[in-house]
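Peer 1: Chain residues, written in single-letter form:
There are 4 protein chains.
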Amino acid sequence: MTTDFRDLSERLPGWVEAYRAYAAEGGVATYIPELAHAPQRALGITLHHRSGTTVSAGDADLPFTLQSISKVFTLLLALMDRGERAVFEKVGMEPTGDVFNSMLKLELVQPGKPFNPLINAGAIVVSSLLLGDSPEEKSQRILRFVRELAGDDGPAFNEDVYRSEAETANRNRSLAYFLKDNKVLDEDVEPTLDVYFRQCAIEVTCAQVARMGLVLANDGVDPATGRELVPRRFVRIAKSFMVTCGMYNASGEFAIQVGIPAKSGVSGGILALVPGELGIGLIGPALNDKGNSIAGVHLLKLLSERYDWSLF
Amino acid sequence: MTTDFRDLSERLPGWVEAYRAYAAEGGVATYIPELAHAPQRALGITLHHRSGTTVSAGDADLPFTLQSISKVFTLLLALMDRGERAVFEKVGMEPTGDVFNSMLKLELVQPGKPFNPLINAGAIVVSSLLLGDSPEEKSQRILRFVRELAGDDGPAFNEDVYRSEAETANRNRSLAYFLKDNKVLDEDVEPTLDVYFRQCAIEVTCAQVARMGLVLANDGVDPATGRELVPRRFVRIAKSFMVTCGMYNASGEFAIQVGIPAKSGVSGGILALVPGELGIGLIGPALNDKGNSIAGVHLLKLLSERYDWSLF
Amino acid sequence: MTTDFRDLSERLPGWVEAYRAYAAEGGVATYIPELAHAPQRALGITLHHRSGTTVSAGDADLPFTLQSISKVFTLLLALMDRGERAVFEKVGMEPTGDVFNSMLKLELVQPGKPFNPLINAGAIVVSSLLLGDSPEEKSQRILRFVRELAGDDGPAFNEDVYRSEAETANRNRSLAYFLKDNKVLDEDVEPTLDVYFRQCAIEVTCAQVARMGLVLANDGVDPATGRELVPRRFVRIAKSFMVTCGMYNASGEFAIQVGIPAKSGVSGGILALVPGELGIGLIGPALNDKGNSIAGVHLLKLLSERYDWSLF
Amino acid sequence: MTTDFRDLSERLPGWVEAYRAYAAEGGVATYIPELAHAPQRALGITLHHRSGTTVSAGDADLPFTLQSISKVFTLLLALMDRGERAVFEKVGMEPTGDVFNSMLKLELVQPGKPFNPLINAGAIVVSSLLLGDSPEEKSQRILRFVRELAGDDGPAFNEDVYRSEAETANRNRSLAYFLKDNKVLDEDVEPTLDVYFRQCAIEVTCAQVARMGLVLANDGVDPATGRELVPRRFVRIAKSFMVTCGMYNASGEFAIQVGIPAKSGVSGGILALVPGELGIGLIGPALNDKGNSIAGVHLLKLLSERYDWSLF
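Protein chains in written order, with our numbering: chain A, -12 to 299; chain B, -12 to 299; chain C, -12 to 299; chain D, -12 to 299.
Derived from the structure by calculation, the hints contain no laboratory data.
No copy is singled out in the list; a pair is fine if it fits within one copy or between any two copies.
Simulated pairs of lysine-lysine, DSS-like, Cα-Cα distance not exceeding 25 Å:
| # | residue 1 | residue 2 |
| --- | --- | --- |
| 1 | K170 | K277 |
| 2 | K92 | K277 |
| 3 | K277 | K288 |
| 4 | K170 | K92 |
The following block holds chain A by itself, in its conformation from the complex:
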């Protein structure tokens, strides 16, 4: 299962140009004003091999915010902070089949805890579990962890996106108060949401995301230093969730069509990885009807088929 990087570097620019066309069939997220400004036709990707080689194409330098991609990293941090048992007392392990911000199962399925940490309800609970004396401290810890995985101090909070999230995210407030009422969320709502909004607003590039993916592909070990940044067990948990729930309620289809661990965000970003081999960062702001980068999913499908990436 080795990817031919020579072939890849030759062909990738052409593929990216060709696949921009898919953007026309999707639409940029508009739920917060800042996201609506993203260039509809942008498409960029970086692949970072364990050997150190990287290949980029298209708008790989376009900065974007992590949004839901951040849920993977707060899950890892919460597991490291609190341990597996404490985290899974508060959040389940199952895909839902519902949209990412659904509240149905919180009301319908006892004991009313979120089904998994990659839907909004679950991610909010996970953020509440992070160690830190204040929302600022928790947010800074997330940012430091992201920078550490990225091997780069570039990632930073985009204050405009953060404020935009915080002002408009009434559905997330609704989720959080429901969780509070269900006694799943122990912390106060607004400080918890403050952490959550900040983690969503961490701005990154494809190269940084690819490097983070590579650490996961490498079972949590920094490929440059050989240092374990995340215990292997927790990386396994994260990768499992990425396969079963990483691409919203199109995760099953993505497992069939692409077959690698991935997590998307409403910014059009995607974190993906080929275990043991490489990490991927991708940006393509136009989304399909499930909320995933439309051109991005098509491009990953092409790459997975050509280089035989699927786990299955």
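Keeping the supplied structure of chain A fixed, place chains B, C and D upon it in accordance with the hints.
Peer 2: Just chains B, C and D, lined up with the frame of chain A:
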């Protein structure tokens, strides 16, 4: 359809004593600490006839808070403030079959507006529609309206209950933010909830509630002064809702077994009325599994059968 | 609360002609081929006063099938056959807020029995409770009961509609097997559905339905003979359900706008009544989005307002 | 990722004996009488390596019926019969988070097609797509396919279980009629269910199931003959579904704790596989609350951890 008040005044004390026993099968609401202090076996009732005659029995002097009974009065006030069209743009006319604080239909049934004004979601929206420059002003207008219908300046905010509600009502916050996200609630959440919590915390006695019921039984006309306090059309709307949705998701059964317009509250209070004839105020803090005063419902059934009150 | 029949007989023809226009905003039911043939613009009504006076207008002679209107009569018959306790062990008393053929609450709300006898699930269970050794015998008993209430041997099974129902009613089969699995339906599915399809296919005219409504308005007593055809208690139960659940999930709005017991069918028929006074039969095949005769509902609203019929 | 078969064959008998104890925490399925007779404490397993080596322990010879495990094979056969496009026009690719026989999403999520082929609704549709002029022919084709994958003519219909299924499966009838009404199921209900009940009633042993799993682990190629029994693409699809939806609504947890493609049945059977390496057949009739063999899941977790099987 005339109630024999002589017979009633003779028998009522005995019935009330006998029906206290039902309290043992129910339980006092515990969701806010203040309500949990209510005396489990209390049962009191006042009936106020259009002629001016009143009959009371049991713990009719026990003060209690309106809780959901207040939803009838804020509905009337909103209709008077804004008119029928404006109110029903924001809230529907249908019973739900779900529990009073359910969010299912807000997510499942487009356009996500509350099904009726007597479930929590609907009542919160109704409160947001009241005229007034501040939560304080709105709350004072509700209180004045309640006093006017009661013909008594006794009703007042119970500050302990109000604070208790405000501190613990996370499910209501969740509902309100969901409504905000659905663009059904135009006002800010916390000021709206402040009005809502205050209206729930208006403390009354059976006599006051019976007098309010009498005004509705009298098509909105103050029986003492002959002055129209509420337009007849709006009273009709309120009575219709009381029949189809007034007793939580036991309204259908109550329509069959008792057959008169009524609205219950989690304090164990019930407002009821026999159209054209009399108003009823009742308190019995022990609730059945649907949230209605368990002894109260049994007592009203007895009275309805004996005096042939059912509309049906 | 007396209706001026002189005024009514003068004005009714003009109103009916004017209200035909509403048909353009609705549509004839198409779920079974036979219903789709109904004349879109038809509108007919008969009112039958307790005194014996009747007034008809428009297409009052157009035959139509009872469809869901039959649910009122099988409920009455089941109550007379089995008693209140046996019936309500199998079916609830609450409106649902869901569409008439919904299965959600059967799965979501334990113990999975239908919420009320006027939704399909409930009506199927009610039909299963009727006495009779075979579907034929049960069906004949229903027909006889309908004829008795109509005071007319005219009502008969429309065999084409019956066959059409039986062939296409897969959603009803699905409901029935679900009920069977929930152990709410004790009888076999197909014989039970055979009874149900037949009762829906009883063909009537407005005059016959008006006469049936009059018996209910008269508390179960045949106004011609003075004989009690249905115990008053069961009539009360039926009228309560007609108010809370009779017009599908527009029952709440109908209670506010019209305020009388009524039951509609997908044929565009409506049975209604003014307690103590008169019965109404109406046909208007074009339906609104809730499944009720669109012109019919508007006409009943007009009549209720003019003659002050509302119970509320 | 190679399993040490010497270590395995030494330790497996001891592990199986020790893990029988888990059966006490679960319960044998009782929904059909035949399943209720299974021995509660039984536990058996066979592992079949690509090299030809097999290891068995415990009650590996206990015959059991495939039940839901058959869904994997009818999916493969339908893909081979009809192609990917035709199959996925009728059934989706997403996990649901609901119980295996839930109907909620059929009503709530348009266009009302089953979310995936491993829940009952999806499997019924898949069975309807199989080529064959009669239920008998379709059933025989399934059986031949199972025997071919098992490399053994042993698998056969258990007629008692088949009749037991057919008589009691009202929930499946309900599902099928719902699908028929949604126009997702084109075939008649009873013949389709006949195929479905027969496939569930195919009786096998651990060795046979392990051999079937091995063919999937070997990308569809018979390891003995080198012949492609199933196209690799379809095997990939099946393996993806086994990971995302194979263990009912505990699939997410199984992905984390065990991390290999697997499918369980209500008989307590499990089909599992380690891609590229080996197939597993397991029987342990006592089920956990999600419907999976309770001892079986624990045993697979132990094996996966010891031999590092997880894909993640």
